[in-house]
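Asks: Now for the letters of each chain:
2 protein chains.
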Amino acid sequence: MTEKSSPAPRDKAATQRRILDAAIAEFAARGLSGARVDRIADAAGANKRMIYVYFGNKEELFDHVVAEALQRLIDAVPLVPEDLPSYAGAMFDALMDDPSAFRLSMWRQLERPTATTAESRSYAEKQDALRQLADGPEATAVAGLSPSTCLALVLAIAQTWHLTSPALQDQLPPRAVLREAVVESVRRITAP
Amino acid sequence: MTEKSSPAPRDKAATQRRILDAAIAEFAARGLSGARVDRIADAAGANKRMIYVYFGNKEELFDHVVAEALQRLIDAVPLVPEDLPSYAGAMFDALMDDPSAFRLSMWRQLERPTATTAESRSYAEKQDALRQLADGPEATAVAGLSPSTCLALVLAIAQTWHLTSPALQDQLPPRAVLREAVVESVRRITAP
Chain A
150 MTEKSSPAPR DKAATQRRIL DAAIAEFAAR GLSGARVDRI ADAAGANKRM
200 IYVYFGNKEE LFDHVVAEAL QRLIDAVPLV PEDLPSYAGA MFDALMDDPS
250 AFRLSMWRQL ERPTATTAES RSYAEKQDAL RQLADGPEAT AVAGLSPSTC
300 LALVLAIAQT WHLTSPALQD QLPPRAVLRE AVVESVRRIT AP
Chain B
150 MTEKSSPAPR DKAATQRRIL DAAIAEFAAR GLSGARVDRI ADAAGANKRM
200 IYVYFGNKEE LFDHVVAEAL QRLIDAVPLV PEDLPSYAGA MFDALMDDPS
250 AFRLSMWRQL ERPTATTAES RSYAEKQDAL RQLADGPEAT AVAGLSPSTC
300 LALVLAIAQT WHLTSPALQD QLPPRAVLRE AVVESVRRIT AP
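Protein chains in written order, with our numbering: chain A, 150 to 341; chain B, 150 to 341.
Mixed in with the good hints there might be a few duds.
[What the hints assert, rightly or not] From the structure, some residues in chain A lie toward chain B, with a derived Cβ separation under 7 angstroms: (1) Pro158; (2) Thr164; (3) Gln220; (4) Ile223; (5) Ala316; (6) Val332.
[Stated by the list, open to error] Sample of chain A residues with no beta-carbon within 10 angstroms of chain B, all distances over it, derived: (7) Ala157; (8) Asn196; (9) Tyr203; (10) Arg221; (11) Ala239; (12) Glu260; (13) Ala301; (14) Pro322; (15) Ala340.
No lab work stands behind these hints: they were computed from the structure. Each residue gets a CB set at the ideal place from its N, CA and C atoms; glycine is no exception.
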């Protein structure tokens with residue numbers, strides 16, 4: 150009998166990190182159907198079997214990647230309930246700086262429309278915060294929109310550039326001008 | 150030598166129509182990578198070779214389907230430059246009634262970001278119409294937004310329901326209420 154050696158914990162964590170980074174790139178570029186676990190293994194310098202051991206099958210790896218990307222976005226762009234225009238501007242910036250969160254959430258929307266735990270928690274908290282605001286002295290700050298409607302509209306507007314058809318995208322103004330239009334749109338929508 | 154018979158023109162048109170309808174359903178559900186020409190052939194009661202003869206390879210068939218779906222949407226929802234809130238409401242309705250145009254345009258955005266001729270023409274016409282409006286007595290009707298920005302924002306807002314995460318989508322208000330929020334948002338954004 151040979152003695153099996155497990156990788157050191159630090160090596161294991163480093164390999165898992167390389168696999169996840171490669172998986173984020175592959176799934177963001179090609180989606181769930183289009184992604185190949187072989188390519189992820191090659192890019193991560195890992196073998197396919199380790200991917201299955203650490204993260205399960207392709208669907209489970211996709212879920213893991215989507216959850217991580219959305220958690221990062223939630224952490225990077227906290228809701229400012231009393232200043233939704235700034236929240237929209239910060240979300241616009243985050244999506245422009247790194248389109249992978251937009252792409253991953255859109256592939257998820259199309260290919261595997263299930264909510265992540267972090268998202269469900271985050272949306273519940275955000276709706277609570279907006280509800281409290283509506284009950285307070287600034288009651289009109291969300292213009293009579295339900296918290297969910299308000300969030301959904303603000304997020305749609307923040308994604309404007311990414312949603313725009315290639316037939317129109319190159320005619321959009323420079324990023325700073327479009328950002329200002331996004332912020333101003335949210336200001337108008339949420340004004341008393 | 151055997152004499153080859155071509156199908157009657159009417160049969161040919163009917164077969165092409167069945168193939169396109171099956172292709173719309175398959176590509177809308179699964180995207181370009183996920184779609185299988187075999188499934189399209191089965192659903193259309195056609196053989197795979199005829200699909201290649203009539204429409205080319207899978208990418209070309211996808212382009213054809215996207216172009217047709219977007220042309221239908223353009224025809225179904227004409228721009229009313231002086232009444233963008235109504236335009237947004239009509240676009241919202243069209244996308245809610247038949248989500249396939251949203252899904253096809255989003256797969257295109259992610260998998261094959263190229264403009265169709267009809268779209269490029271349509272966006273040029275729409276921008277012209279908005280520009281003429283801005284030069285006329287109702288100059289402030291688009292609130293200082295460039296025609297492209299205005300169109301991009303209005304279309305993003307009209308897609309709100311489709312863009313909303315499954316973690317939030319079931320908390321959105323009933324369709325009529327969300328439609329009113331979309332129309333009112335565009336009214337506010339495009340107000341003087």
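Asks: Compare the structure with each hint and give your call.
Replies: Going down the list of hints, with the structure as the test:
no., hint, in the structure
1, Pro158, "violated, 33 angstroms"
2, Thr164, "violated, 27 angstroms"
3, Gln220, "violated, 12 angstroms"
4, Ile223, "violated, 11 angstroms"
5, Ala316, "holds, 3 angstroms"
6, Val332, "violated, 12 angstroms"
7, Ala157, "holds, 37 angstroms"
8, Asn196, "holds, 24 angstroms"
9, Tyr203, "holds, 25 angstroms"
10, Arg221, "holds, 15 angstroms"
11, Ala239, "holds, 17 angstroms"
12, Glu260, "violated, 7 angstroms"
13, Ala301, "violated, 5 angstroms"
14, Pro322, "violated, 6 angstroms"
15, Ala340, "violated, 7 angstroms"
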